[in-house]
Amino acid sequence: MNVLTNLRYGSVVAVPELILDPDGRAVIFGPNGAGKTTLLRILAGRLPGPALDAAYLPQRPYLFRGSAGHNLGLGLSSEQTAHARQLVERFGLPWDVLRRGSGTLSGGERQRLVLARTIARPEPWVLLDEPLAAIDVRDRMDIARELVAALDRRGVVIVTHDRDVAAAMGDSVAVMIDGTIQQVGPVAEVFALPVTERVASVIGTANVLEGRTSGLIDPLVALDLGGVEVWGIGSLPSGSSARALFGAEAVTIYEGAATTGSAQNHWRGTVVDVRQVDRLLEIIVDVGVRVVAVITPGAQASLELRPGVEVTVAVKATAVRIVPT
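Each step along the sequence shown adds one to the number in my numbering, with nothing skipped, and position 287 is 531.
The reader is advised that the hints may include incorrect statements.
Claimed, not checked - Quick list of the computed label-pair ranges, beta carbon to beta carbon:
hint, residue 1, residue 2, range
1, ASP340, ARG304, 34 to 44 Å
2, GLY319, ASP530, 54 to 64 Å
3, PRO294, GLU554, 52 to 62 Å
4, ASP468, ARG382, 41 to 51 Å
5, LEU547, GLY345, 30 to 40 Å
6, PRO463, LEU318, 49 to 59 Å
7, THR282, VAL518, 24 to 34 Å
8, GLY483, ARG523, 36 to 46 Å
9, GLY347, GLY552, 54 to 64 Å
By construction, these hints were calculated from the structure, which means they are not laboratory data.
No residue lacks a Cβ here, since even glycine has one placed at the ideal position from N, Cα and C.
My request is simple: use the sequences and hints to build the entire structure.
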């Protein structure tokens with residue numbers, strides 16, 4: 245394991261501790277301007293600080309004059325170049341593209357080329373800054389899966405502001421805001437249970453509900469939302485002003501008035517809106533407060549969900565984080 249401790253930007257401790265697994269894929273996630281690229285450049289040895297023995301792909305890689313094939317092999321041995329050519333094919337770049345001049349490549353073609361060249365390098369670590377930003381959205385997840393397979397048993401650090409990319413490529417995630425790491429953990433855990441409202445905002449938590457704490461059964465806290473009660477993980481005293489945070493993917497929708505599941509939170513309400521979000525549907529249900537869920541089109545058709553339909557929504561208390569306002 246590589247352990248970064250007390251990494252500073254000037255007088256600010258940006259990274260109190262970050263453990264990097266030499267066989268894992270760590271994502272540095274956050275908004276633009278959070279300091280993600282600066283941290284990656286430190287790890288790449290481009291700025292002062294603890295550096296890794298790594299192949300580094302910056303966000304805006306440079307291609308030299310000449311053919312795409314010539315650029316693919318720059319800095320590589322013949323064996324590594326052969327590996328890079330295999331990767332180019334896996335990333336969906338036609339062979340004839342390698343004969344074209346580097347200046348004729350589209351953004352997506354350039355990115356596939358430099359990804360293949362970087363991964364073919366021999367260093368034990370690979371550092372990727374926004375590796376899929378230039379790839380068309382329709383191809384992004386396919387390339388993400390190929391990258392994960394190609395990077396097996398390498399230490400990888402990925403910078404991205406794209407939640408889907410983070411979820412598809414990362415084993416662990418460190419959320420960075422305003423130059424400091426705010427939360428670290430497994431991707432699914434961090435995205436499901438943000439520790440603060442700021443983290444919730446950055447990762448796109450759909451449900452942020454405000455109220456006052458009204459009960460405590462350790463480790464759970466009840467939050468009164470004005471006639472609607474929600475239980476979640478927290479440790480605030482009764483009467484505290486707080487917010488409940490939970491993702492849309494944590495919400496289950498039922499037709500009946502009650503559930504047979506184990507969810508401690510379940511409320512009867514009315515569908516007020518149905519929205520298309522990529523390949524999923526976002527369902528807004530008014531239960532006294534508005535709760536957002538995401539489901540597949542097939543589930544929507546089965547439940548016949550449309551504005552005006554009454555449903556029960558349920559959320560496990562362990563999927564809800566109660567944080568102070």
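- Outcome for the supplied range 30 to 40 Å, where the beta carbon pair is LEU547 and GLY345: For LEU547 and GLY345 the Cβ distance comes to about 54 Å; the hint is violated.
- Item | Distance restraint hint 34 to 44 Å, applied to the beta-carbon atoms of ASP340 and ARG304 | violated (25 Å)
- Is the hinted range of 52 to 62 Å satisfied by the C-beta distance from PRO294 to GLU554? holds (57 Å)
- Item | ASP468 paired with ARG382, Cβ distance criterion 41 to 51 Å | Given a distance of about 45 Å, which is inside 41 to 51 Å, the answer is holds.
- Okay, THR282 versus VAL518 on CB: inside 24 to 34 Å? violated (42 Å)
- Task: Mind checking the hinted window 49 to 59 Å against the Cβ distance between PRO463 and LEU318?
- Result: holds (54 Å)
- Between GLY347 and GLY552, is the Cβ distance one that fits in 54 to 64 Å? holds (57 Å)
- Does the Cβ-Cβ separation between GLY483 and ARG523 fall within 36 to 46 Å? At roughly 43 Å between Cβ atoms, ARG523 and GLY483 fall inside 36 to 46 Å, so the hint holds.
- Message: A range of 54 to 64 Å was offered for this pair. Does it hold for the Cβ distance of GLY319 and ASP530?
- Response: For ASP530 against GLY319, whose Cβ atoms are near 59 Å apart, the range 54 to 64 Å holds.
Violated hints, in rising order: 1, 5 and 7; the structure is consistent with all others.
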